[in-house]
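**Q** Note that the protein sequences, when read in sequence, are chains A and B. Going by the working numbering, 157 is the number at position 157 of the first sequence; the sequence numbering is gapless. Going by the working numbering, 8 is the number at position 8 of the second sequence; the sequence numbering is gapless.
Accuracy of the hints is not assured; some may be wrong.
What the hints assert, rightly or not - Pairs of lysine-lysine, BS3-like flavour, derived with a Cα cap of 25 Å:
| no. | chain 1 | residue 1 | chain 2 | residue 2 |
| --- | --- | --- | --- | --- |
| 1 | B | K287 | B | K234 |
| 2 | A | K234 | A | K287 |
| 3 | A | K93 | A | K330 |
| 4 | B | K234 | A | K93 |
| 5 | B | K330 | B | K93 |
| 6 | B | K287 | B | K313 |
| 7 | B | K234 | A | K313 |
| 8 | B | K287 | A | K234 |
| 9 | B | K330 | B | K313 |
| 10 | A | K234 | B | K127 |
| 11 | B | K127 | B | K93 |
| 12 | A | K6 | A | K234 |
| 13 | B | K234 | A | K234 |
| 14 | A | K287 | A | K313 |
| 15 | B | K234 | B | K6 |
| 16 | B | K330 | B | K6 |
| 17 | A | K330 | A | K313 |
| 18 | A | K330 | B | K330 |
Said to hold, decoys possible - These stretches of chain B come out as covered by chain A in the derived footprint (C-beta under 8 Å, 3 or more residues):
| no. | stretch |
| --- | --- |
| 19 | 4-10 |
| 20 | 66-73 |
| 21 | 108-117 |
| 22 | 187-200 |
| 23 | 287-295 |
No wet-lab data here; the hints were simulated from the structure. Keep in mind the model is a prediction, meaning the values are calculated, not measured. Heads up, the beta-carbon is just placed ideally off N, CA and C, and yes, glycines get one too.
Okay, here's what each chain looks like letter by letter:
There are 2 protein chains.
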Amino acid sequence: MTDRDKILLTPGPLTTTLRTKLAMLRDWGSWDSDFNAVTARVRQSLLRVIHGQDTHVVVPLQGSGTFSVEAAVATVVPRDGHVLVLDNGAYCKRAARLTSLMGRRCTVMDFDEAQPVSPAALAARLKADPSITHVVLIHCETGAGVRNPLEAVADVCQAAGRGLIVDAMSSFAALPIDARRTRFDALIAASGKCLEGVPGMGFVFLRRAILDGCAGNSQSLAMDLHDQYVYMEKTTQWRFTPPTHVVVALAEAIAQFEEEGGQGARLARYTRNYETLVQGMARLGFKPFLAPDVQAPIIVTFHAPADPRYDFKAFYAAARARGFILYPGKLTTVETFRVGCIGAIGPNEMEQAVHAVALTLQDMGIGSAAPAPGV
Amino acid sequence: MTDRDKILLTPGPLTTTLRTKLAMLRDWGSWDSDFNAVTARVRQSLLRVIHGQDTHVVVPLQGSGTFSVEAAVATVVPRDGHVLVLDNGAYCKRAARLTSLMGRRCTVMDFDEAQPVSPAALAARLKADPSITHVVLIHCETGAGVRNPLEAVADVCQAAGRGLIVDAMSSFAALPIDARRTRFDALIAASGKCLEGVPGMGFVFLRRAILDGCAGNSQSLAMDLHDQYVYMEKTTQWRFTPPTHVVVALAEAIAQFEEEGGQGARLARYTRNYETLVQGMARLGFKPFLAPDVQAPIIVTFHAPADPRYDFKAFYAAARARGFILYPGKLTTVETFRVGCIGAIGPNEMEQAVHAVALTLQDMGIGSAAPAPGV
C-alpha cells in the first residue's frame with residue numbers, strides 16, 4: 001500500500017499544488033502588516049479576474065461558500081425585499097432555503113435540472129411581478145453541471161431594474177465573467193474552487209453603486225459584508241479572526257493562476273480535462289446526463305450503468321483504491337455519479353482516471369457501462 | 001535579514017508547531033471516509049477535554065470563533081427568548097451586539113472591566129427579572145484578560161432555571177472546565193486558540209437535554225448548529241464544505257495536546273509562560289492592568305509606559321523587528337498593550353520576548369517602563 005495522495009475528482013475541496021500547500025507552513029499574526037498586505041493583494045487580484053476594479057469591491061468572508069451566499073443575500077437584499085430564485089438544481093434550492101429562513105420573501109421559479117434557466121421566461125416573470133427586487137442565479141449548477149446564461153440573465157435584470165445576485169462558486173476563474181459588460185449586485189465564489197486554493201473562505205463582489213444602501217440590511221453580525229467591507233477599508237484587517245493559513249494559500253494559488261495565464265488558460269486546461277474525461281468514459285459506455293451544449297467543463301454527471309452488478313458504493317471504493325476520489329450524484333430522480341474536471345490536474349490525470357474506472361468496471365464484472373435504454 | 005518565523009504573542013492566531021502545519025500538506029475529499037474519520041476523532045477528543053461524553057455533544061462550525069458564538073445564540077435561544085449578557089469587556093459587547101442584531105431581546109449587565117463578573121449580582125438580577133431565559137458569559141475576557149467565575153455563574157443559572165451560554169474561546173483546553181459538575185447549555189471555542197491549531201473553525205458544545213428544543217430556532221442556515229448536528233450524526237459529514245486543512249491540522253494539534261498531558265499540562269506550561277513574562281516585564285518597570293488574583297494566564301494587559309518617548313506603533317515595530325509580535329490593547333479608557341502567553345511556546349520564548357522588549361526600550365531611549373503614577 002503506497003501513501004501517494006489520491007486525486008480529487010470532486011467540485012471542491014480539490015487537488016491543489018504542493019506550492020499552494022507549502023504556503024501554509026508559517027503562522028501569521030492577523031493584526032500584523034505582513035498579513036494585511038496578503039489580504040490586500042488577494043483582493044486586488046480577485047477584482048482583476050472579473051475586470052471589476054472600476055465597478056465593484058470584493059469582500060472576503062470566513063467559512064464555506066454557502067456562508068458567503070447567505071451573507072450576500074443578507075447584505076444586499078433589504079428586509080422588505082423579494083427574491084426570485086431561478087431554480088435548476090440543488091444549489092438553487094439551498095439558496096432559496098437560506099433566503100426564506102432569514103426572513104426575506106422568496107419565490108422559486110422552477111426549471112428543468114437538465115437545462116439552463118430561461119432569460120425570456122425570467123423577463124416575463126419580472127414584468128408580471130413588480131414586487132420582485134432581486135434575482136438569484138447559480139452560474140454553474142454543480143448539482144447536474146449545467147452552465148446557466150449569466151450574461152443574458154444579467155441583461156434582463158438590468159433592463160427590468162432589478163438586482164442580481166450570482167453564485168459563481170464553481171465557475172469563477174474558469175468561465176469568463178466580465179463586470180464591465182455584465183451587471184450584477186453581488187457575485188460569490190470561494191477559495192477552494194477554480195482558483196485551486198484550500199477551502200475555508202469565500203468572497204463576494206459587491207457593486208459600488210449599491211454599497212451604501214447595504215448598511216444595516218444584515219441581521220447577522222458575522223455575515224454582514226457591508227460591515228466587513230467598511231472595517232477592512234478603514235483598518236486593512238478582517239473584523240474577526242481570519243483563517244490566516246487559508247488566506248496565504250489562496251494568495252499562492254492566485255500567483256500560480258496568474259502565471260498560468262489567468263482565466264482563459266484555466267478554462268482551456270479544464271476544457272481539455274473535460275474532453276479527455278468524456279471521450280474516455282464514452283469508450284467504456286458511460287453516458288453524460290447533460291447535452292454537450294449546456295454542459296460546463298467543471299463537473300460532469302454520468303448516468304449509472306444499467307448492469308445489475310453496478311453499485312455506487314462499491315464503484316466508489318474500487319476507484320478510490322486505485323487513487324481517484326469520485327463524487328456522488330445529486331439528482332433526485334435519476335441514478336448518477338459525478339466527476340470533477342477542476343483542480344491542479346491535467347489531461348494526464350484524467351486519462352489515468354478513465355483507466356482506473358475501466359479497471360474498476362473489470363473488477364466488478366461489468367462489460368459495458370451503458371445506462372438503461374431510453375435515458 | 002533572516003527569514004525566521006516570528007513568535008506570535010497574540011491571543012490567536014498563535015504560534016503552532018511545525019508538526020501541526022505539516023498536517024496541511026495533503027488534500028482531502030470532504031465526502032471521503034478518511035476525512036470523516038478525522039472529523040469524528042476530533043469531536044470525540046473535544047468532548048473528552050470537558051468530560052462531556054455523557055452530557056453534551058459537540059458541533060464544529062466553519063468560520064472564526066465569532067461565527068460559532070453567533071451560531072450558539074441563534075441555535076440555543078428561542079426567537080422569543082431574553083438574553084442577559086454579563087459584560088466586563090469587548091468580547092461581551094460583541095456578544096450583546098450579535099444577539100440584538102439577530103432579533104433576540106438582549107439586556108447587558110455592566111461590570112468593571114478590571115474585575116470578574118459577580119455571581120451574587122447575577123443571582124439578584126435573575127430573581128428580579130423572570131423574563132431572562134439565557135445568560136451569556138465570557139469565561140476569559142481577552143479584552144483585559146480577566147478570568148470570570150464560570151462554576152459559580154453556572155450554579156446560579158442552574159438554581160434559577162436559566163440557560164447558560166459560555167464563550168470559552170480563550171480558556172478552553174487551558175483552564176479546567178468540567179461538564180459533569182458545571183452545567184451549561186452551550187460552550188464555544190475555536191481551533192486557533194489553546195488547542196494550538198490554525199484558525200478557521202469553531203466548535204460548540206451543546207447540552208443533550210436541550211438539543212431537541214433547538215430545532216428551528218436559527219434564522220441562519222449556515223449557522224444552524226442543530227441542523228449541522230443532525231446532518232453530521234446521520235452522514236458523518238459536514239453539511240457544507242469543511243475547511244479540510246484546518247480540520248486535519250486541529251486533529252494533529254489535539255494529538256500533541258494529549259501527548260503533552262492534556263488540559264492540566266497545558267495550563268501548567270501557560271502558567272510558567274505567564275510568570276516568566278510578568279516577572280521579566282516587572283524588572284523593566286511594566287505594570288499589569290489586572291490584579292494577579294483575577295488574571296487568567298492567557299493574555300496579559302500591560303499599562304503603557306508613562307515615558308513620553310513611548311509610542312505603541314514604534315514599540316510594536318521594534319519588538320517585531322526583533323522577532324516578536326505583540327498585540328494592541330482593547331480598553332477604551334486606559335492606554336495599554338497586550339501580550340499572549342499561549343501557543344506552541346514555552347518559558348524560553350517568553351524570556352527572549354522580555355529581552356527583546358528590554359532592547360526595544362533601550363532603542364527608544366526609555367529608561368523605565370513604569371506607567372503614570374496612580375494607575
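**Q** Indicate, hint by hint, whether the structure satisfies it.
**A** Now the hints, each set against the structure:
no.: 1; hint: B/K287 x B/K234; in the structure: violated, 53 Å
no.: 2; hint: A/K234 x A/K287; in the structure: violated, 53 Å
no.: 3; hint: A/K93 x A/K330; in the structure: holds, 12 Å
no.: 4; hint: B/K234 x A/K93; in the structure: holds, 21 Å
no.: 5; hint: B/K330 x B/K93; in the structure: holds, 12 Å
no.: 6; hint: B/K287 x B/K313; in the structure: holds, 19 Å
no.: 7; hint: B/K234 x A/K313; in the structure: holds, 17 Å
no.: 8; hint: B/K287 x A/K234; in the structure: violated, 31 Å
no.: 9; hint: B/K330 x B/K313; in the structure: holds, 15 Å
no.: 10; hint: A/K234 x B/K127; in the structure: violated, 44 Å
no.: 11; hint: B/K127 x B/K93; in the structure: holds, 23 Å
no.: 12; hint: A/K6 x A/K234; in the structure: violated, 43 Å
no.: 13; hint: B/K234 x A/K234; in the structure: violated, 44 Å
no.: 14; hint: A/K287 x A/K313; in the structure: holds, 19 Å
no.: 15; hint: B/K234 x B/K6; in the structure: violated, 43 Å
no.: 16; hint: B/K330 x B/K6; in the structure: holds, 22 Å
no.: 17; hint: A/K330 x A/K313; in the structure: holds, 15 Å
no.: 18; hint: A/K330 x B/K330; in the structure: violated, 48 Å
no.: 19; hint: 4-10; in the structure: holds (count 4)
no.: 20; hint: 66-73; in the structure: holds (count 3)
no.: 21; hint: 108-117; in the structure: violated (count 0)
no.: 22; hint: 187-200; in the structure: holds (count 5)
no.: 23; hint: 287-295; in the structure: violated (count 0)
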